[in-house]
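J.: The primary structure of each chain is shown beneath.
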Amino acid sequence: MKSENMKKSGVMVFLKKLVRQQIFIPIAALLLLAVFNLINDPSFYKITYGYNSAGDPVLSGYLMTILDYGSELAILAIGMTLVTAATGGQDISVGATIAISGSVILRILCGTNSRPETLQAPILVAFLVSCVVAMIFGAFNGALVAYFKIQPMVATLILFTAGRSIAAWINNNELPIISDPVFSYFGGFIPGIPIPTPFFIAAACMIVTGLVLKFTTLGLYTQSVGINESSSRLNGLNPAFIKFLTFVILGLCVAVAGLIKVSRLSSINYSVIAKDIEMDAILAVALGGNALSGGKFNMTASILGAYVIQFLTTTLYKLNVQSDALPAYKAVVVIVLVVLSAPIVREKLSAFFKKINSKQRFKEVG
Amino acid sequence: MSSNKKVPASESGLQNKFRNITDTNLLLLITIVVFFVMYIGAIIFQGKGFLKPQTFFNILNSNAALIIAACGMSIVMITGGIDISVGGVAALVSMCCAVYLDFHDGNVFVSILIALAIGLGYGIVQGFLVAYLDIQPFIVSLAGMFFARGMTTIVNTNPFNVQNESFVSLKETRITVPGLGSVNKLGKYVPAYIEIGVVVALLTVIILFCVLRWTKLGRGFYAVGGNSQSALMLGINVKRTKFISHLLCGLLAGIGGFVYFMHVGSGSASHASGMEMNAIASSIIGGTMLTGGVGNIIGTLFGVLSLNTIQNIVSSAGYDDAWWTGITIAAMLCLFLIVQSIVMARKKK
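Going down the list, the protein sequences come from chains A and B.
Counting along the first sequence from 1, when you hit position 22 you're at 22 in this note's numbering, and nothing is skipped either side.
Counting along the second sequence from 1, when you hit position 254 you're at 254 in this note's numbering, and nothing is skipped either side.
Chain B with its partners taken away, still in its complex shape:
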């Protein structure tokens, strides 16, 4: 997992430090540097739009769901699996909640429970198939993705906006960030704000960071992903650990789905399309290795931010068509995959 080899003292200090750095920290470092370089570059070349605090908070607002889903994805990827059903689950959750709130005049609290139940159900089924029946995670979650998308259409075909009053008031709730704001065109000071989803996302990041770093379960994820054979020798219950990783991912996809639903306020079968791809891309950019055993939740957060910063740059540079976004994400993912592959090949030598 890490390469804490003893290096001869004669080598220079910097190289020594570089050698001693763990894979996780090295990839995290690359991500954070890339993010700051990109953001500063955007401020320099794209004018003052990026200097406003609200631009940054808008990235958070519109991507809170992605952050949550990507955290779940990172955990699964650290354990050596993958889950491409998160976008489908998010769409299914938003459609089910929308139908419940609008057609059955439901209660917001119960709709949160519905979201959690769908996520948990997905996690349990996929986790069981992957961990205990030893089926490839990709096939399981591919089927899961198609099932969720199909189910969304079966639940309700046409997209619609939710009118439920208590939900709308929850959706419109904005938390102002003290001390940050900007002056708008009329010369009026507008404080920067975030939505409730962002709070949920940041809490998720903090909790999962602690779990991964300081709990037995969290270290188990790394051990299983790094080498499941030796993890088994160490007495870790490999199957249970894999199961829990998928369970958490499903649950987080459910929470992410609800946060997404709070952001858009409507149900549609085409919601969150490509979210799985963005979540995987963010995790990989954030330094999580596909082969397992290496990764960091903070990196994932920065991965989401980098991904969206580059999207903002592309769209504010005048390439506003939807297809450019897809091409940019794919190119960035491809680049980081190759960088990872090269970094790891070098480390092995």
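Same shape as in the complex, but just chain A:
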């Protein structure tokens, strides 16, 4: 009898530990969505092997779409997690900055002619320049936040408004189209490899991030600035610089995401490209169980969160929800998440569970 009780409590302890793990939140959300889709329509999971219009072998299906389109979101989530952890605020200009960096890439590849027969510059050069530009814009946001002490969301509101205008201005409001097939590999498929390229790019970014977090003090410093700015200053850190740095890193992530985004179309639409992606990126961080008010973070959970968001988006598309109406559903998810993670609600919930537990114990004793 006693051993049975012990076993039971052991399972309970294990479950409790599991629930307390931060990564539990995105996994639970993923399972929930997966089960929903399984019940709704099992063909959601079908992956077909076929050939695309260029005659290359490709895998297609909803799961591949998630891997494909979730990748740029995962890349953004990396930078957004760092910014959130250090500043306790979010960057809402990422969509607009993607438009800028994409526009820069196209401008350099096309030169003055908007419909070139051949590329005017190597793709690598264009990408590097767009990285520099995106990092400069990141630095602009970072300077406003770190040195002028403006709230992150308000500081980035400036670029949120002006960004798409700047992107249009870079290309004189023309819509350049690149006909070179090599450029479309970044957002599509490399011939012979049936898995979408964005996934490999995202994987590379994740590995680099993992190495940086493992072998440098970036993660530790970011968290300590986020937890208590003045005590980390007293410990010899430079909080302003670390905040600034996180925004520059986010700029780099934005440039990579921008390359994927423009490569998908081989062109750009200034007002539509990466629209509402800031919402998804913030949602990925929140779904990863990271506190939106800064402090500790879990990068793996954020990245997984990004793919879960894409899972949600794809599910909604499958249910024939219009793309313009998507934000309404996601907003509900955000509100539910933040309400559940609000300290006051948590306290009330844990008090409630304690009450239930003690009642059960009373019954057992009785």
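Hint data in this document are derived by calculation from the structure and do not stem from the laboratory.
Some hints could be false.
[Stated by the list, open to error] No more than 27 Å apart at the CA atoms, straight line, and that leaves these computed lysine-lysine pairs for DSSO-like:
#1 LYS17(A) - LYS354(A)
#2 LYS239(B) - LYS216(B)
#3 LYS348(A) - LYS239(B)
#4 LYS239(B) - LYS149(A)
[Said to hold, decoys possible] Computed from the model, here is a short list of chain A residues facing chain B with C-beta under 8 Å:
#5 LEU128
#6 LYS149
#7 GLN151
#8 VAL154
#9 ALA162
#10 SER165
#11 VAL332
#12 LEU340
As the structure is a prediction and not an experimental result, all values here were calculated from the model.
Glycine residues also receive a C-beta, built at the ideal position from the N, C-alpha and C atoms.
Please arrange chain B on chain A, whose structure you already have, making use of the hints.
T.: For chain B alone, kept in the frame of chain A given last:
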């Protein structure tokens, strides 16, 4: 909140006065000066277009909704919060009213009630989440903005013009301003006019100015925004004050949405895009501090006017493309944010 420190009498009078001025009045002064300098500059450099009274009244006509929404924004910002859902709410209100008036052959009076109800509902939900559950106002209103935009599409996808007769007659109502007018190209005297929305906007400004200056509630907003801890010590119900500020902002966004709807006379999911940004920019230019506790409704009015004067200047200088407007507003906002940051850093010393 204010810095009424005693300054030694030996210092010069002007400096003394400058020191004694409150933050609110200092920033208000900067705004009003900037507006007049800009307007006079426009008259000098851009020719006679700006000299016509109607040019000024047109700024009012097309921005009545923005003035109302910006007033709500100022109140929330004085209390230390922010609300970026106002543009979305305005779009949702105009779409709902348009659908009701046109597809259901509705009554104008009921459509006003719909607008108020949507605004009030938004205010209550956001206020509750921010004040009582202690969630960051930015996240709440960001979700609110996306929800409103998404809902607008769900209500109706395609933009359309409202044909409802009683609404159209309300929309076309123009109030002439006595004594002001200009002579048009044919040599005929045309009196200057304003729309009904402007009257609503000006009434809002006056009422809110009085509320903020002379009522217990209004002073509570400043106290909570300046230092919520000491406001609590003074016996102010901080949570309720925050709640009411968001409630008012939502309500004003609803009214602003209806005024916007009266101005454009159509429903569309892309209506009032960027209105939240303009409202925040106007409040900041009008001397409302993002950190809370400092601000003035009259300043907000001048903020809206300055913002649109500079837009008019930019477009009449030949940069008529839409992207220049976005860049100008952002640049101006950036400038004022930095000015505020510097002014406050100096005051602290």
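J.: Can LEU128(A) be said to touch chain B, with a Cβ gap under 8 Å?
T.: Result: violated, 26 Å to nearest chain B Cβ.
J.: Starting from LYS239(B), check that the Cα of LYS216(B) is at most 27 Å away, please.
T.: holds (15 Å)
J.: Do the alpha carbons of LYS239(B) and LYS149(A) lie within 27 Å of each other, as the hint requires?
T.: Judged against 27 Å, a Cα distance of about 26 Å means the pair holds.
J.: Grab the minimum C-beta distance from GLN151(A) to chain B and call the hint holds if it beats 8 Å, violated otherwise.
T.: This hint holds: GLN151(A) lies near chain B, its Cβ roughly 6 Å from the closest one there, short of 8 Å.
J.: Could you check if LEU340(A) really has its C-beta closer than 8 Å to a C-beta on chain B?
T.: Given a least distance of 10 Å, the restraint on LEU340(A) is violated.
J.: With 8 Å as the cut and Cβ atoms as the points, is SER165(A) at the interface with chain B?
T.: holds (3 Å)
J.: Quick check on the hint: VAL154(A) CB to chain B CB, less than 8 Å?
T.: holds (6 Å)
J.: Could you check if ALA162(A) really has its C-beta closer than 8 Å to a C-beta on chain B?
T.: For ALA162(A), the interface hint holds, since the closest Cβ of chain B sits about 3 Å away, which is under 8 Å.
J.: So, LYS149(A) near chain B? Judge it on the closest CB pair being under 8 Å.
T.: Result: holds, 6 Å to nearest chain B Cβ.
J.: Are LYS348(A) and LYS239(B) close enough, with their CA atoms no more than 27 Å apart?
T.: holds (18 Å)
J.: Once the shortest beta carbon distance from VAL332(A) to chain B is found, is it less than 8 Å?
T.: holds (7 Å)
J.: LYS17(A) and LYS354(A): Cα distance at most 27 Å?
T.: holds (16 Å)
Consistency with the previously given hints fails for numbers 5, 12, ordered from lowest to highest.
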